[in-house]
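Using the sequences and the hints, build the whole thing.
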Amino acid sequence: MSRLPIAIFLGFALLPMAAAFGAETYLLDLFMRVMIFAIAALGLDLLVGFGALVSFGHAAFIGIGAYAVAILASHGINEAWISLPVALVAATAFAYLTGTICLRTRGVYFIMITLAFGQMAFFLASSLAPYGGDDGLTMHARSTLFGLSPFKHERLFYYIVLACLVGCYCLCRALVVSRFGRVFRGARENATRMATLGFDIYRYQLAAYAISGALGGLAGFLLANATDFVSPAYMSWQRSGELIIMIILGGLGTLHGAIIGTLVYSLLGEWLSGLTENWKMIFGPLLVLVVLLARSGLLGLAAQVAAWWRKQHAEPQA
Amino acid sequence: MSLLVVQILNGLQLGVLLFLIAAGLTLVFGVMNFINLAHGVQYMLGAYLAVMFYTLTGSSLLALVFALLAALAFGLFLEFVVFRHLYERDHLDQVIATFGIILFLNQAVKYVWGAAPLSLPIPELFSGSIVLLPGLTYPIWRLVIIASGLAVALLLYILVSRTRLGMLVRAGANNAPMVSALGVDIRRLFMIVFGFGTMLAGFAGIMIAPILSVEPGMGDTILILAFVVIVIGGIGSIRGAFIAALLIGLADTLGRSFSVDILRLVMAPSPARTVGPAIASMLIYLMMALVLYFRPTGLFPPKGR
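Top line first, the protein sequences correspond to chains Z and C. Take any residue in the first sequence, count from 1 to its spot, add 6: that is its number in my numbering. Just so it is clear: in the second sequence, position 263 is 259 by my numbering, and no numbers are missing.
Some hints here could point you the wrong way.
[Said to hold, decoys possible] Straight-line C-alpha distance at most 20 Å; calculated SDA-like pairs for lysine to any residue: (1) C:K106 to C:G131; (2) C:K106 to Z:S279; (3) C:K106 to Z:A26; (4) Z:K158 to Z:A26; (5) C:K106 to Z:G275.
If you are wondering where the hints come from, they were derived from the structure by calculation, not from laboratory data. The model shown is predicted, which means the values in this text are computed figures rather than measured ones.
Dropping the structure here:
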C-alpha cells in the first residue's frame, strides 16, 4: 500500500478519539455511513475504473443486501452468520444473473441495461407489500453475532465497518494486480486483442461484476444495521448516479480515489446542507467546476497542483 | 371497451410526450455524442416558464411563445457556458457535469417559485371534453397534445430527411469528424441541434403543464423514460425514438390499467392485486432488457457505426 490509503484508513481509525470530545454519535454515524458507501464505491470503481463497465444500477446491490437482512430480521432471524451470507449470496446472484445479460452490450447500452435491472429491483422492492412496500421496513433489532450484539455498540460497529472497508480495499487491490485483474484491465484497453490472446473476456467481466455485486451486498448488510431501516429509496437510480459521481469525483481506477470521492461528496453535502437550505445550488455548480477543471477527479487535480508546485520551485535552480 | 380506447389514447399521449423529449436527447447524443442528463430539467423549466409567462401576460398563446423562446435562450446559454467544453470529454465527465446542473436547477426552481406544485389552466379554446363515440368522452387538451406531438414528428421527419440541415444532421450522427473535415462548421451545427432539442423538451413541458402539477424534480422521472426510449429505438435514430416512444407510452399506460385484470386470468385475485402493479412498473424496463438482449444496439441503430 502506498502512503495515501494508509493515511485515509488511519484518519478513519483515529476519528472516534477526536469525536469523543463532542457530537460523538453524530460524527460516528456520519463517517460510518461514508465508509459503508465507500465499500460499495470500491466495488463500482473495480468495474468502471478498471473495466470501463459503467454500472448504473449499482444501488440495487446495496438494496438487495439491505433487504435480505431486514426481511430475515422481520422473521426473527437476527444471527449475522445467517443474514450476512444470505445478503452476500443474494446480491452476488443478482449481479451474476443480470450480468450474463448486461455484458452482451457495450458502452452506453451497458449503462442503460444496468439501469433497467436497477429499476426492476427498485419497483420489486416497492411492491413488497408484506415488507412495507413503498414505506420501507423498520428493523426492530440489529443483527447479532453468536448471541452477542456488536452492532449495538456504536464504536465497535464503527470499527467493524472500518475493518470491512480495509478488507475490501485489500481484496480489490489484490484483484487488480493479479492475473485475473490484468486480463480484466486488458479487456478495457482492447477487448479484441485480449480475445485474440485466447481469453474469454466475457467470463472475466462477469466474475468482476459478481464480485462488485458482493461488495454492494456487504455495504447493504452494514447499511441496514446502521440505519435500522430499509426502503426502496436505497435502490433509486439517483443513488446509483451518486455512487458513480463519488468515484469520478475522487478519480477513477485508483481504488482509494473511490474512498476519497465518497468522503468528499458526503462531507461536502453534509456541510453545505448545514449552511443553507439551498445547498444544492452551490453543490451543483461545484460538480460542474470539478469536471471542467480537473481532468481525472480530485486525485488528478491534486497531481496537477503538485506538478505545478514542483515546477515553480524547481525552476530557480535550473 | 371504451376504457380500452381511453387508455390507448392516454398511452399515445404519453408516447408523443416522450417522443418530444427523446427526439432532442437522441439527436444530441447521436450527433454530438454527448450525454445530456440535464435534458429533463429543461422540460421542467419549460413548464415553469409557461406558468410564469401565463401569470404575467394572462394569455396562453403568448405564454407558449415566450416560454419557448426563453427555454431556447436558456438552453443556448447552458451550451455556451458549460456543454461546449464537454463535447470532447469522456461520457462520465458529461454525466457528472450535467448531473450538477440538474441539482442546481431543481433547487433553483424551488428557490424561485417555491416547493409547492403550481398549475397552469388549459387554454379556454381547448378546455372541456369531446364526445368521440357514443358513451366515450375524452379531454380535448390531451387530443391537442397528441396532435401537436404528431405534427412535430412529421416536421422533424421532413426536416431530417428532406432538407440540407437534416442531411448534415444525419451525416453527423454517422460520422461527425468526417462532416467537419468536409468543411461544415460543426460547432454551429451542434448549436442548432442542441437548441432545437432544448426547445422540443421545453415544448413538451409547456404542453403537459396544464394536466400535470408543475413541481421541482418533475423532469427526473421523465428523463429516465426518455433514455429508455432512445436506447430501445437505437441512439441517434429519430424514427427509432418515435416508434419506441409510442411503444413505451402504450405499454406503460396499458400495463398499469390492465395488468391486474390480465393476471387474474391466471392467478387468484389477491396475489394478482399485489403482483400486477409491480409488473406494470417493471414492464418498460423488462422490455428494454429484452430488446437489448436480442438487439444490443437497439431497434434502429444508425448505419455506419
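Consistency of the hints with the structure:
Our distance criterion of 20 Å between C-alpha atoms is broken by C:K106 and C:G131, whose separation comes to about 42 Å. With a C-alpha separation of about 15 Å, the suggested pair C:K106 and Z:S279 falls inside the 20 Å cut-off, and the hint holds. Using a Cα cut-off of 20 Å, the hinted pair C:K106 and Z:A26 is violated, with the two alpha carbons roughly 38 Å apart. Note on Z:K158 and Z:A26: the hinted pairing holds, with a Cα-Cα distance of about 18 Å set against a maximum of 20 Å.
Note on C:K106 and Z:G275: the hinted pairing holds, with a Cα-Cα distance of about 18 Å set against a maximum of 20 Å.
Consistency note: the structure conflicts with the earlier hints numbered 1, 3.
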